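In case you want the letters, here they are:
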Amino acid sequence: MKVFEIIGGSLIKMSETAGGLSLLFVETLYHLKDISFKDTFKQMALLGADSLPIVAATILCTGMVFSVQTAKEFVELGASSTVGGIVAVSMARELVPILTGVVVAGRIGAAIAAEIGTMKVTEQVDALRVMAANPISYLVVPRFVAIICMMPILVVFGNLIGDIGGWGVAHYYAGISTFSFTNSIKTFAEFYDVLGGMLKSCVFGGIIAIVGCYKGLNAPNGAEGVGLATTASVVLSIILIFVTNYFLSILIYV
Amino acid sequence: MSNAISIHNLTVQFGKKCILNSIDLDVRKGETLAVIGPSGTGKSTIIKVLTGLLKPTSGSVKINDEEVCCFSESEWDNLRKHMGVVFQYSALFDFMNVKDNIAFGLRRHYKVGEKEVKKQVEELLTLVDMSGMEQMMPSELSGGMKKRVGLARALAMQPDIVYYDEPTSGLDPVMTMNISKLIRKTQKTYGVTSILVTHDMESVFVAADRVAMLYKGDIVALESVDTIKNSKNPIVQAFINGQEVTGEDKNEQ
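The listed protein sequences derive, respectively, from chains A and B.
Numbering (the working numbering) for the first sequence: 1 to 254.
Numbering (the working numbering) for the second sequence: 1001 to 1253.
Keep in mind the hints are simulated off the structure, nothing from the lab.
Quick caveat: nothing in here was measured; it's all calculated off a predicted structure.
Treat the hints with care, since some could be wrong.
Unchecked claim - Below, simulated EDC-like cross-link-like pairs (lysine to aspartate or glutamate); rule was C-alpha separation at most 16 angstroms, straight line: (1) B:K1048 to A:E123; (2) B:K1081 to A:E16; (3) B:K1062 to B:D1218.
What the hints assert, rightly or not - Here are some chain B residues the structure puts well away from chain A; computed CB gaps all over 12 angstroms: (4) K1017; (5) G1040; (6) D1065; (7) E1122; (8) Q1135; (9) R1153; (10) V1206.
Claimed, not checked - Pair ranges (Cβ atoms, derived): (11) A:Y253 to B:E1066: 55 to 61 angstroms; (12) B:K1016 to A:P220: 18 to 24 angstroms; (13) A:L32 to B:S1142: 38 to 44 angstroms; (14) B:S1058 to A:Y253: 55 to 61 angstroms.
Note that CB positions come from ideal geometry on N, CA and C, so glycine has one too.
Isolated chain A, as found in the complex (with noise of 0.2 angstroms):
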């Protein structure tokens, strides 16, 4: 019966879970209206720009490694001419949306979670509902629209960084040359891989600002309470980043 009784109650709270995710996102959504043009360029600075770095040095180690494991492989096999492609079109597709939405769901995710949770465990957030100030145009509203607009700068960003990396990782490591890699990316990639990666890293976005708003405003109370909210957070917006790229890639590529 014990067993029944554990499955049972996580279920209920998995729907829990997901039925206040879709619930914020739907209110997110009714309060686009009132969108405040500079919170939002604030939350895109603060979200978007500053994560440039850290984006940029795990998709350049991405890159790199990338080109190790295929590079000399495929010289040995002849076909040194098809190592930028693959290194570009992986990148575009796959690696660099997904590693983007794990980095921004570590770093911006845990900030927004750990933000608003501080916010609504010391009366802040009910301080904006009883100032006629809806906590979800205020503070959810900007956070889902700055997220949504960085995701694909940052992801064409990191698109140039990592093939950047395959290519100084193909060149001096594995001795091909600049043209072949080059041309090999004008071979085999299209706009459209890229365009795609950009798609996904939108919703990668969506799911990260309402993720953490969610655990934020929904934090149990103490410093604890807090933590324990960045924490469910991450773990929480990674595992539906992961799910969520399966459909999208089924969806936009197959």
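Given the structure of chain A, go ahead and fit chain B onto it with the hints provided.
Here is chain B on its own, set in the frame of chain A:
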């Protein structure tokens, strides 16, 4: 005198736990009503219901003759523009300075120019004796200063009703007296109706006109400040004198 707030048969329950048990309470226009009682008796819950932060389980709440229990969030927002709340822990926005905290409501709800905002903020800071501190951040303020900025913020939109949730908790006796006098001054200057939730009797005697004593979710006494000092109610006497309420007191009551 007509009532600004009328509470009738108000019940608030969390699961099986009854926080407010069918209480009746009227607050007259322009008066300050203190709600006293031991911790955990539902004092702050009344403020949460009156500000729309908590939906009651049952009962009727009228604010300015309007039934508010079935209000939508946008109807509440319209009403909240005429309310001010001073929170127990001030609840100042920690990412804004003093000026922006006070001006928050003005900027958001009224098309007021920055010159007018500056003037009003200065006036309010003078009222709470904090002139020249516009640029300070909440983290740089002491507990008493935070409470005073909280009061200035609550008054910024010129409310008809102000709710004070434990405004003197955690303050030294001098600051407690200052805040209590400020509450009285606010009532006299602006003619606001106030509900003061506290368990600090010194504050009650300075700031309030009438007192309601809440005990385990029931209102056990509702009297003027002068009469409550000599109340025959054993629960009230025990509370005023800082003694624990015994079973005997309850039976006597």
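Now the hints, each set against the structure:
| no. | hint | in the structure |
| --- | --- | --- |
| 1 | B:K1048 to A:E123 | holds (12 angstroms) |
| 2 | B:K1081 to A:E16 | violated (32 angstroms) |
| 3 | B:K1062 to B:D1218 | violated (19 angstroms) |
| 4 | K1017 | holds (17 angstroms) |
| 5 | G1040 | holds (15 angstroms) |
| 6 | D1065 | holds (20 angstroms) |
| 7 | E1122 | holds (20 angstroms) |
| 8 | Q1135 | holds (19 angstroms) |
| 9 | R1153 | violated (8 angstroms) |
| 10 | V1206 | holds (25 angstroms) |
| 11 | A:Y253 to B:E1066: 55 to 61 angstroms | holds (57 angstroms) |
| 12 | B:K1016 to A:P220: 18 to 24 angstroms | holds (21 angstroms) |
| 13 | A:L32 to B:S1142: 38 to 44 angstroms | holds (40 angstroms) |
| 14 | B:S1058 to A:Y253: 55 to 61 angstroms | holds (56 angstroms) |
Comparing the model with each earlier hint shows violations of hints 2, 3, 9; every other hint is respected.
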